[in-house]
Amino acid sequence: MTWDWEFTGKIVPDLLDGLVVTVQATLLGYVLALVLGLAVALARRVPVLGTAVFAVMEFIRCTPLLVQLVFVFYLAPSYVSAFTVGVAVLGVHYAAYTAEVYRSGIEGVPPGQWEACRALSLPAHRTWGAVVLPQAVRKVIPALGNYLIAMFKDTPLLFAITVGELMYQASRIGGVHFRYLEAMTLVGLFFLLVSVPSAIIIRQLERRYAAV
Amino acid sequence: MDFFIDRLPLYLSGAGTTLVITLLGAALAFVLAMVVGLLGTLRNLAARAVATCYTETFRGVAALVLMYWMAFAIPQLTPYEIDPVFAAVLALGLNVGAYGAEVVRAAVNAVPPTQIEATVALNMSWWRRTWAVVLPQAWAQMLPTFGNLVIELMKATAIVSLIGVADLTRIAQEQRAATGDTIAAFAGALVVYFVLAQLLIIGMRLLERRANRRLGRLPASDSGLWSLLRPPPVTAAGGGR
Chain H
2 MTWDWEFTGK IVPDLLDGLV VTVQATLLGY VLALVLGLAV ALARRVPVLG
52 TAVFAVMEFI RCTPLLVQLV FVFYLAPSYV SAFTVGVAVL GVHYAAYTAE
102 VYRSGIEGVP PGQWEACRAL SLPAHRTWGA VVLPQAVRKV IPALGNYLIA
152 MFKDTPLLFA ITVGELMYQA SRIGGVHFRY LEAMTLVGLF FLLVSVPSAI
202 IIRQLERRYA AV
Chain F
83 MDFFIDRLPL YLSGAGTTLV ITLLGAALAF VLAMVVGLLG TLRNLAARAV
133 ATCYTETFRG VAALVLMYWM AFAIPQLTPY EIDPVFAAVL ALGLNVGAYG
183 AEVVRAAVNA VPPTQIEATV ALNMSWWRRT WAVVLPQAWA QMLPTFGNLV
233 IELMKATAIV SLIGVADLTR IAQEQRAATG DTIAAFAGAL VVYFVLAQLL
283 IIGMRLLERR ANRRLGRLPA SDSGLWSLLR PPPVTAAGGG R
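From first to last, the protein sequence lines are chains H and F. Per the working numbering, the first sequence starts with residue 2, numbered consecutively. Per the working numbering, the second sequence starts with residue 83, numbered consecutively.
Quick caveat, the hints were computed from the structure, so don't treat them as lab data. Be a bit skeptical, because a hint or two may be false.
[Stated by the list, open to error] Quick list of simulated restraints, FRET-style, between CB atoms:
#1 E207(H) <-> L288(F): 32 to 38 Å
#2 G51(H) <-> F168(F): 40 to 46 Å
#3 D5(H) <-> L94(F): 31 to 37 Å
#4 Q158(F) <-> L194(H): 39 to 45 Å
#5 E207(H) <-> R295(F): 29 to 35 Å
#6 E163(F) <-> E7(H): 22 to 28 Å
#7 A131(F) <-> R139(H): 29 to 35 Å
#8 R46(H) <-> P194(F): 32 to 38 Å
#9 K11(H) <-> W209(F): 52 to 58 Å
#10 Q158(F) <-> A53(H): 49 to 55 Å
[To be verified] These stretches of chain F come out as covered by chain H in the derived footprint (C-beta under 8 Å, 3 or more residues):
#11 110-123
#12 140-148
#13 152-158
#14 236-245
#15 273-280
Here a beta-carbon is modelled for each residue, glycine too, at the ideal position from N, C-alpha and C.
Please put together the full structure from these sequences, using the hints given.
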């Protein structure tokens, strides 16, 4: 068998539907990872809670995303959709990574800034909100951006829990028509079409914020 | 707990498969990373173009998609069937190799220029310069990142369960289907994965320590659960608590 262009044209709309779901899951999961990651990074600075949070995050980082997805999918009550489970697990998994990024950013804020806050006797929320976090977050934007691409590339795993994303559509088409070549190749191309431009944009961001 | 102890041999055989795929994939990724990474540091434009094409392509495509393509599209294009384990090793190795190549490139470029000038002054060949001067220094720099990549690779091997390889994840899913006990079946697998990762971290730490001792610089990175056992390093931001 060789490449069939007519068949390729027929399956593109279905695959585009899948691509939309993939992008939605990535973006929602990413927002969750950004917010939760910051919360974890801050919680890690509290004495006892911090150690517990560290142990949990270490466990999440050291076990495969696929197993976590399937595990939570089977545990979740039936009214929770597979998409919700997928987004939640993706978000929590990547929060374990973004938390480390935030932490390095917070530790990178020069000690003089902390001392200045104390000298001005700023309250804690002003110290964090107006001085430390704006500097810490700006510095780690490129590193956070890389996780967006990493996450995008992990969304095909959601197909294991029957979320109708790109990989699910391709696998379904392959199974129905006994032709995997066209669908799988298109999935690969779609991934390149999204992730290469995003990588270029993130590199631009990096260049822009590198001088800060 | 009894559930898991009864099925320990099953889980261990699954973990064995996971480990074999990890080691083969890591070996392939390492060779690719070294070759492509060094190509990327050459002056030759064609060599750099090849390196960039490779890294951009395989960093951009998900390993799962690559694996499916190899397992299902290649048999359709050619008369050959591809063994699922082989497809998995190839997909993961190509994918992780692309990340590794960037690590090698960055580490080689970070070797101080005076070192290169010294090799030029001594009239060393490219081979000798790379082997005796550049790589030993770049090695200590790239080891911690390589270690993280190997752990990422180990976790990524879970995807081979989707094309029917009896790895740890597959065993857990089969046990869940057979007994209906979701929590026990998956908790067992998660714990085994966690132990494997911690063992890999300890192994990488020992390698790192050796490389650093030889160079007499760079402290080993602090990662893994066991870093809880030692006092945290004093950081500049500590004063803001």
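How the hints compare with the structure:
1. E207(H) <-> L288(F): 32 to 38 Å: holds (33 Å)
2. G51(H) <-> F168(F): 40 to 46 Å: holds (44 Å)
3. D5(H) <-> L94(F): 31 to 37 Å: violated (45 Å)
4. Q158(F) <-> L194(H): 39 to 45 Å: violated (23 Å)
5. E207(H) <-> R295(F): 29 to 35 Å: holds (34 Å)
6. E163(F) <-> E7(H): 22 to 28 Å: Given about 27 Å between the Cβ atoms, the range holds.
7. A131(F) <-> R139(H): 29 to 35 Å: Given range 29 to 35 Å: holds, Cβ gap about 34 Å.
8. R46(H) <-> P194(F): 32 to 38 Å: holds (36 Å)
9. K11(H) <-> W209(F): 52 to 58 Å: holds (54 Å)
10. Q158(F) <-> A53(H): 49 to 55 Å: Holds: the Cβ-Cβ distance is about 51 Å, inside 49 to 55 Å.
11. 110-123: violated (count 0)
12. 140-148: holds (count 8)
13. 152-158: holds (count 3)
14. 236-245: holds (count 7)
15. 273-280: Contact hint for the stretch 273-280 of chain F vs chain H: holds, 4 residues under 8 Å.
Violated hints for the displayed structure, listed by number in ascending order: 3, 4 and 11.
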